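Participant: So you can see what is in the structure, the chains are spelled out below.
Protein chains: 2
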Amino acid sequence: MPLSPGPFTGRTLTELARDLRAGLTSAAELTERALDAIAERDPELNAFVTVDADGARAAARAADAELAAGTWHGPLHGVPVAVKDLIMTAGLRTTAGSRHFAEHVPDSDATCVARLRRGGAVIVGKTTTHEFAYGPTGDRSANGPSRNPHDPARMSGGSSGGSAAAVAAGLVPLALGTDTGGSVRIPAALCGVAGFKPAYGAISAAGVFPLSLSFDHVGVLAGDARDCLLAYRALADDPSGVADPVPGDVRVAWLDPAGFFAGDPRVVDVARQLAGDVPEVRLPDGLADGLRETYTVIQSCETSAVHAERLTGAPELFDAEVLERLSAAALTPGWRLVRAMNARPVLAALADALFDRHDVLALPTVPITAPPLGLRESELDGRPIAVRAALLSLTSPWNVLKLPALTVPAGTVDGLPVGLQFVCRPGDEHLLFAAAAARGA
Amino acid sequence: MPLSPGPFTGRTLTELARDLRAGLTSAAELTERALDAIAERDPELNAFVTVDADGARAAARAADAELAAGTWHGPLHGVPVAVKDLIMTAGLRTTAGSRHFAEHVPDSDATCVARLRRGGAVIVGKTTTHEFAYGPTGDRSANGPSRNPHDPARMSGGSSGGSAAAVAAGLVPLALGTDTGGSVRIPAALCGVAGFKPAYGAISAAGVFPLSLSFDHVGVLAGDARDCLLAYRALADDPSGVADPVPGDVRVAWLDPAGFFAGDPRVVDVARQLAGDVPEVRLPDGLADGLRETYTVIQSCETSAVHAERLTGAPELFDAEVLERLSAAALTPGWRLVRAMNARPVLAALADALFDRHDVLALPTVPITAPPLGLRESELDGRPIAVRAALLSLTSPWNVLKLPALTVPAGTVDGLPVGLQFVCRPGDEHLLFAAAAARGA
Numbered sequence: 001m002p003l004s005p006g007p008f009t010g011r012t013l014t015e016l017a018r019d020l021r022a023g024l025t026s027a028a029e030l031t032e033r034a035l036d037a038i039a040e041r042d043p044e045l046n047a048f049v050t051v052d053a054d055g056a057r058a059a060a061r062a063a064d065a066e067l068a069a070g071t072w073h074g075p076l077h078g079v080p081v082a083v084k085d086l087i088m089t090a091g092l093r094t095t096a097g098s099r100h101f102a103e104h105v106p107d108s109d110a111t112c113v114a115r116l117r118r119g120g121a122v123i124v125g126k127t128t129t130h131e132f133a134y135g136p137t138g139d140r141s142a143n144g145p146s147r148n149p150h151d152p153a154r155m156s157g158g159s160s161g162g163s164a165a166a167v168a169a170g171l172v173p174l175a176l177g178t179d180t181g182g183s184v185r186i187p188a189a190l191c192g193v194a195g196f197k198p199a200y201g202a203i204s205a206a207g208v209f210p211l212s213l214s215f216d217h218v219g220v221l222a223g224d225a226r227d228c229l230l231a232y233r234a235l236a237d238d239p240s241g242v243a244d245p246v247p248g249d250v251r252v253a254w255l256d257p258a259g260f261f262a263g264d265p266r267v268v269d270v271a272r273q274l275a276g277d278v279p280e281v282r283l284p285d286g287l288a289d290g291l292r293e294t295y296t297v298i299q300s301c302e303t304s305a306v307h308a309e310r311l312t313g314a315p316e317l318f319d320a321e322v323l324e325r326l327s328a329a330a331l332t333p334g335w336r337l338v339r340a341m342n343a344r345p346v347l348a349a350l351a352d353a354l355f356d357r358h359d360v361l362a363l364p365t366v367p368i369t370a371p372p373l374g375l376r377e378s379e380l381d382g383r384p385i386a387v388r389a390a391l392l393s394l395t396s397p398w399n400v401l402k403l404p405a406l407t408v409p410a411g412t413v414d415g416l417p418v419g420l421q422f423v424c425r426p427g428d429e430h431l432l433f434a435a436a437a438a439r440g441a
Numbered sequence: 001m002p003l004s005p006g007p008f009t010g011r012t013l014t015e016l017a018r019d020l021r022a023g024l025t026s027a028a029e030l031t032e033r034a035l036d037a038i039a040e041r042d043p044e045l046n047a048f049v050t051v052d053a054d055g056a057r058a059a060a061r062a063a064d065a066e067l068a069a070g071t072w073h074g075p076l077h078g079v080p081v082a083v084k085d086l087i088m089t090a091g092l093r094t095t096a097g098s099r100h101f102a103e104h105v106p107d108s109d110a111t112c113v114a115r116l117r118r119g120g121a122v123i124v125g126k127t128t129t130h131e132f133a134y135g136p137t138g139d140r141s142a143n144g145p146s147r148n149p150h151d152p153a154r155m156s157g158g159s160s161g162g163s164a165a166a167v168a169a170g171l172v173p174l175a176l177g178t179d180t181g182g183s184v185r186i187p188a189a190l191c192g193v194a195g196f197k198p199a200y201g202a203i204s205a206a207g208v209f210p211l212s213l214s215f216d217h218v219g220v221l222a223g224d225a226r227d228c229l230l231a232y233r234a235l236a237d238d239p240s241g242v243a244d245p246v247p248g249d250v251r252v253a254w255l256d257p258a259g260f261f262a263g264d265p266r267v268v269d270v271a272r273q274l275a276g277d278v279p280e281v282r283l284p285d286g287l288a289d290g291l292r293e294t295y296t297v298i299q300s301c302e303t304s305a306v307h308a309e310r311l312t313g314a315p316e317l318f319d320a321e322v323l324e325r326l327s328a329a330a331l332t333p334g335w336r337l338v339r340a341m342n343a344r345p346v347l348a349a350l351a352d353a354l355f356d357r358h359d360v361l362a363l364p365t366v367p368i369t370a371p372p373l374g375l376r377e378s379e380l381d382g383r384p385i386a387v388r389a390a391l392l393s394l395t396s397p398w399n400v401l402k403l404p405a406l407t408v409p410a411g412t413v414d415g416l417p418v419g420l421q422f423v424c425r426p427g428d429e430h431l432l433f434a435a436a437a438a439r440g441a
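Top to bottom, those sequences are chains A and B.
The first sequence: position 75 = 75 (the numbering used here), numbered continuously.
The second sequence: position 36 = 36 (the numbering used here), numbered continuously.
It cannot be assumed that every hint is accurate.
[Said to hold, decoys possible] So, partial list: chain B residues that the calculated Cβ filter (under 7 Å) puts toward chain A:
#: 1; residue: A28
#: 2; residue: T296
#: 3; residue: E309
#: 4; residue: T332
#: 5; residue: W335
#: 6; residue: V338
#: 7; residue: A343
#: 8; residue: R344
#: 9; residue: V346
Everything labelled a hint here was simulated from the structure, so no lab data went into it.
These figures come from a predicted structure and were not determined experimentally.
Where is the CB? At the ideal position from N, CA and C, for every residue including glycine.
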């Protein structure tokens with residue numbers, strides 16, 4: 001089904017900045033266009049939990065005044081931005097997608113939000129998250145499921161589903177998300193936008209409601225890879241950021257995703273097509289299983305540690321599915337956590353070999369297209385598949401390994417978006433973005 | 001009951017070295033005296049699992065040949081030493097007190113054993129450990145309980161019970177132990193000898209069968225504190241060791257043990273008496289409970305991670321009580337481990353305040369005297385007490401906090417030994433030993 005464009009569809013941060021600085025538009029005008037589009041489209045998409053029209057207009061006025069005075073804070077200046085509702089915003093309700101925090105108004109901004117404001121961004125609202133970010137489907141939240149702009153009967157993916165839907169529908173040019181096992185990249189891929197999860201710790205997660213502290217990352221969603229890079233530079237702890245991607249030889253290798261998950265071959269083909277004619281690497285034996293076990297165990301233990309008091313004190317406030325999964329996670333024995341933590345450096349050493357002769361790995365972001373809302377068990381070529389496991393299968397390994405990973409739109413299958421994922425070692429981010437740029441992404 | 005002396009009762013490493021170097025005795029003679037005494041006394045004490053007469057005689061001959069050639073490797077040269085059977089010895093059976101390793105002969109030495117040999121020590125045998133070091137009572141081992149030389153119907157304490165009994169009976173002047181929650185200091189105190197657990201990591205634990213890697217320490221047991229220091233210097237990773245304890249003002253404070261455990265007041269009085277007229281500090285609120293929970297949870301998870309395959313594959317080979325406790329430990333949920341690990345730096349910061357105005361803390365090592373073998377529940381002033389919890393209560397906090405801790409004999413209650421424990425911050429070990437020396441220990 002054709003995606004109806006929004007005011008920011010196809011408009012890059014670079015173009016917006018040029019127009020703003022040239023006086024061809026204003027932050028106020030961009031903000032009104034975002035607010036109008038949200039009012040029109042969001043009843044269908046449910047990308048937003050909270051829209052802060054007053055706050056956005058005030059921020060836009062301030063941004064315009066600074067521009068008028070000759071001050072420009074960079075590529076976020078005057079740009080409408082949406083923020084995942086897991087990320088604290090001072091004075092603006094932050095629910096984490098849960099009835100436990102239905103009326104929670106933080107006192108202070110998360111570090112990444114403070115950096116947005118410092119960069120002159122205009123925060124227009126908070127986007128739908130799977131409750132407590134505990135799910136890659138994006139369809140279990142106190143404010144209802146976020147929906148895929150390509151087909152509102154289908155998942156946006158999650159947990160940063162609202163951020164992905166808002167960017168994909170062109171309601172905003174940029175959104176913040178968080179990514180613990182793929183929560184930026186999965187919805188970005190399923191909704192057909194770009195999403196970047198930097199190296200672990202590269203953007204401070206202070207002020208983000210924790211899901212699993214060992215794996216939690218702040219990331220960005222935008223129309224293309226270049227905009228992800230611009231936003232990343234404005235948000236990173238190290239302000240020197242990433243070197244500019246220069247055209248040239250980047251040693252890209254295709255990583256056969258079958259070692260992680262035997263996905264939809266049509267999806268794999270679309271991603272492979274964009275990756276192009278590059279050599280292929282295979283996963284070392286045992287790496288996929290080890291990464292999956294490590295991810296599952298550490299995440300289960302850390303998440304249930306976050307919620308232990310709520311699980312006993314007010315279980316009825318959780319979404320029923322989230323409650324059931326959290327309750328099961330809380331039973332994970334500690335000895336498995338010890339094993340998982342011990343495995344992590346071993347797995348990292350094993351994975352390092354993947355980069356022996358290559359700078360960047362390419363593989364699909366998600367091995368299937370967006371499933372219908374609520375679907376948990378599906379079939380692929382007659383095989384039963386677990387939807388949640390499928391969604392996470394190709395993204396969570398890079399959270400365990402702390403590696404930067406970027407997803408870009410690669411095409412469609414049955415009219416539904418497919419993402420191509422690039423992965424590199426920390427310090428090689430410029431090569432990651434160069435690989436995307438070389439493929440027109 | 002009066003303790004019958006052995007060949008090394010009251011003989012210090014300093015005296016032995018003087019006599020060896022002066023030709024007044026030989027390593028061969030000392031070794032024979034140790035072997036004879038073991039043959040005579042050990043049937044009653046069960047301090048040894050394995051006696052290596054041939055190996056000891058060969059080592060003694062080599063040590064004597066070196067002395068004759070003018071080479072002296074330091075205070076361990078030619079000295080009979082016993083090694084806890086949890087510590088790997090190349091070519092010499094190492095059972096870890098378990099039927100799982102009844103005939104296990106390691107290929108290589110633990111690092112601490114290699115250092116013993118480098119120092120010219122004569123390893124006479126392996127000492128009884130509670131099975132897998134998993135118990136402070138010392139009375140559950142595949143080779144039977146080690147017994148207290150002061151009353152063989154009573155516990156040696158554990159898990160390094162054989163090492164403590166061997167030194168207390170004067171069978172050897174020095175023994176190696178390991179200390180995860182008090183396993184050097186508890187048996188040292190109950191048997192009336194000195195024992196030192198250095199700072200975490202100060203003596204490599206490589207080649208020690210793990211109990212709980214976050215807390216495992218290698219330590220030493222000897223007749224007095226000075227001998228512990230000499231042995232520690234020979235074994236420490238940093239060969240510069242510890243500065244010599246110079247007489248002078250050491251700021252010692254008495255730490256009221258009641259915050260950890262309300263023990264036998266007569267035991268507390270004996271320890272307090274040796275500590276002398278020093279100021280008193282109190283535990284910060286919440287510290288004792290936090291340390292106990294952290295110790296219990298981390299130790300349970302780490303220990304059950306070590307034994308998971310044995311628990312499912314060959315449970316019948318464990319001692320019944322050890323099996324029951326390990327099985328319970330394996331059920332500790334991972335989220336509690338996450339909380340415990342997060343608590344550790346918080347507790348360390350809280351405990352640091354104890355040293356604001358003092359260099360060394362003094363408290364009893366164990367708040368009770370040696371209980372009868374097999375006793376698990378007891379009474380103190382009409383209150384029920386759990387024996388294991390009582391034994392560990394004053395030692396395990398310093399494992400969680402990674403602090404050096406020394407126990408010295410302080411006197412007796414009903415003829416049973418009482419230990420006084422000194423605790424310091426890493427780097428202040430010379431003050432710890434100075435505090436002991438100032439009290440004649």
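Participant: Determine for every hint whether it applies to the structure shown.
Facilitator: Hint-by-hint comparison with the structure:
| no. | hint | verdict |
| --- | --- | --- |
| 1 | A28 | 45 Å, violated |
| 2 | T296 | 11 Å, violated |
| 3 | E309 | 11 Å, violated |
| 4 | T332 | 4 Å, holds |
| 5 | W335 | 4 Å, holds |
| 6 | V338 | 4 Å, holds |
| 7 | A343 | 11 Å, violated |
| 8 | R344 | 14 Å, violated |
| 9 | V346 | 14 Å, violated |
In summary, the numbered hints that this structure violates are 1, 2, 3, 7, 8 and 9.
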